[in-house]
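Those protein sequences? They're chains A and B, same order as listed. Going by our numbering, the first residue of the first sequence is number 1, and it counts up by one from there. Going by our numbering, the first residue of the second sequence is number 1, and it counts up by one from there.
FYI, nobody ran anything at the bench for these hints, they're computed from the structure. The structure displayed is predicted, hence computed values, not measured ones. The reader is advised that the hints may include incorrect statements.
You can't tell identical chains apart in this list, so a pair holds if it fits in one copy or across any two.
Said to hold, decoys possible - Below, a list of computed lysine to aspartate or glutamate pairs in the DMTMM-like style, where the Cα atoms sit at most 20 angstroms apart:
id	residue 1	residue 2
1	147	137
2	147	134
3	52	35
4	210	256
5	218	163
6	193	134
7	275	153
8	193	35
9	25	162
10	240	176
11	259	212
12	218	244
13	129	196
14	241	176
15	239	212
Number of protein chains: 2
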Amino acid sequence: MALISEKNIYYLGPDGSNAHCAMLKFLKVCNISVENKIPQRNIRTVIDCEVKDLQALCVLPIENSIEGIVRETIDNLLKVKDSDIQIRGEISLPIRHLLLAKTTNINDIKKIISHPQALAQCSSFLHEKFKNAEIQEVSSTSYAAQKVSTSNDNTIAAIANEESARIFNLNVLSSDINDENNNLTRFYILSRKNFDKTQNGKTALAFATKNESGALCKALQVFDKYSINLTYIDSRPSKKKIGEYVFFVEIEGYREDEKNKNAISELSSYTEFVKILGSFQVFK
Amino acid sequence: MALISEKNIYYLGPDGSNAHCAMLKFLKVCNISVENKIPQRNIRTVIDCEVKDLQALCVLPIENSIEGIVRETIDNLLKVKDSDIQIRGEISLPIRHLLLAKTTNINDIKKIISHPQALAQCSSFLHEKFKNAEIQEVSSTSYAAQKVSTSNDNTIAAIANEESARIFNLNVLSSDINDENNNLTRFYILSRKNFDKTQNGKTALAFATKNESGALCKALQVFDKYSINLTYIDSRPSKKKIGEYVFFVEIEGYREDEKNKNAISELSSYTEFVKILGSFQVFK
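Please model the entire structure based on the sequences and the hints provided.
See the structure below:
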């Protein structure tokens, strides 16, 4: 479907992570094969690898429907100086938390470990069924599953996904334990090469408004003037001065579309800077 | 200065935390004495205590100049049903990270523990001086200091603040180790009673736009129409559907000010809901 071939693909590991699952889904949906799937320890190193490797793709989480924007991704994307590396695709993954253990008896469990976000997203379940259990935070859900699988203690359980259950050979004690049902994470696919263009394209850009009254309103009016739909808006601190922000938006259509081209050019006169992070298609 | 008296004040503990320091600064600046200073384990329980306790103040972090909005605070404030509990004050605290240990020799240190945000904010320092040290994440900076003080291992150091050094009787091995200089956290003070009004008031409100093109722009134009300055804007996922957001803004002036009253009333016709979180003064 998407005509692109690269040697390496980088993603946030370890294997079994949601980014790993999103990467596999992307390769399948697009019928792409890569030589090497290379997990990284954090988002910063995924981007560093992508910058250094001329023949690579990478997969990065950008937004979770419960938690909001993934700050480490957007802050690091804003720092990338190599303008050839652009967002080329988007893929979404439903997040389903499971309770995993070596034992098959849920009553054995005395301690539960997971990433703080996963623990927070299952807090009603934990409050109801594991009021007296010890709760421990670890760096990722897949690391929690790995830790349970290598522990000699059968009273520990991990909150992680189905892929982790498979990889680490753990039993599912309880499934769909999320407090909220609409738990979904969007991922970006970045590369130097472009995919084939489709109808449902979006463009991601960042800008800083001038320090004057109504500046954001003036910037947004540009999109309104050209009837361009904003599909996302968020802000990040400039990190230079409290009260100064960088806005991050996604708009419908490609950067080359006539009305988007005009709007982006006009936007420059109301802003300190505009950075186009990429035009991309949404893979389903 | 501010005429208010309450019995209890709740804040995010343990003692030595930045919220604890902000609470002490607030009581000093406003010359307020309270009977009980009561630390809580997390932001959710601070708000729960405030709701149940009719004679209480509470202190909550809302924004850090590097990290952005404190999601747990805004998400929980949006859930508070008791309209009497409002934001009444704001106070800011510079965040200064120190390297603390039992030893006085920095060369002894082989392991460094702290909160993930503090570790991230000192990453250049750690990369330069402690390339081979073991790094461990714990739940708060003050807990890290406490852990170092009770450990028999003299090769562990904590990244925490000056107050923690004092409380846990630790040596300062290195000070001002933050990567960025402008590290500042804003805190809200909430209560049922109002402080005396001053000139420099702000009002915090949240609204959800209607699901139509240019909806945010129309909402912001209302503030522009009345020449009301937005001092802050951020968005949070509605948690109901991906792509639906709640916007959180702060504007200059009090809710009773004529132009703010008109703007807020007009805003209702462009939004699904408007919730006023409070009008408050900024304590320096």
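Hint check results:
1. 147 with 137: both (12 angstroms within a copy, 16 angstroms between copies)
2. 147 with 134: The answer is both: 15 angstroms in one copy and 19 angstroms across copies each meet 20 angstroms.
3. 52 with 35: So residue 52 and residue 35 pass the 20 angstroms test inside one copy only (17 angstroms; across, 59 angstroms).
4. 210 with 256: neither (26 angstroms within a copy, 29 angstroms between copies)
5. 218 with 163: neither (46 angstroms within a copy, 44 angstroms between copies)
6. 193 with 134: Neither: 48 angstroms inside a chain and 38 angstroms across chains, both beyond 20 angstroms.
7. 275 with 153: The answer is neither: 51 angstroms in one copy and 49 angstroms across copies each exceed 20 angstroms.
8. 193 with 35: Within one copy only: 17 angstroms inside, 65 angstroms across.
9. 25 with 162: For residue 25 and residue 162, the Cα distance is within 20 angstroms only inside one copy (14 angstroms; across copies 48 angstroms).
10. 240 with 176: between (42 angstroms within a copy, 17 angstroms between copies)
11. 259 with 212: between (26 angstroms within a copy, 19 angstroms between copies)
12. 218 with 244: Answer is within: at 16 angstroms inside a copy they meet the 20 angstroms cutoff, but 23 angstroms across does not.
13. 129 with 196: Close neither inside one copy (49 angstroms) nor across copies (47 angstroms); limit 20 angstroms.
14. 241 with 176: This pair counts as between: shortest inter-copy Cα distance 18 angstroms, intra-copy 42 angstroms.
15. 239 with 212: within (18 angstroms within a copy, 32 angstroms between copies)
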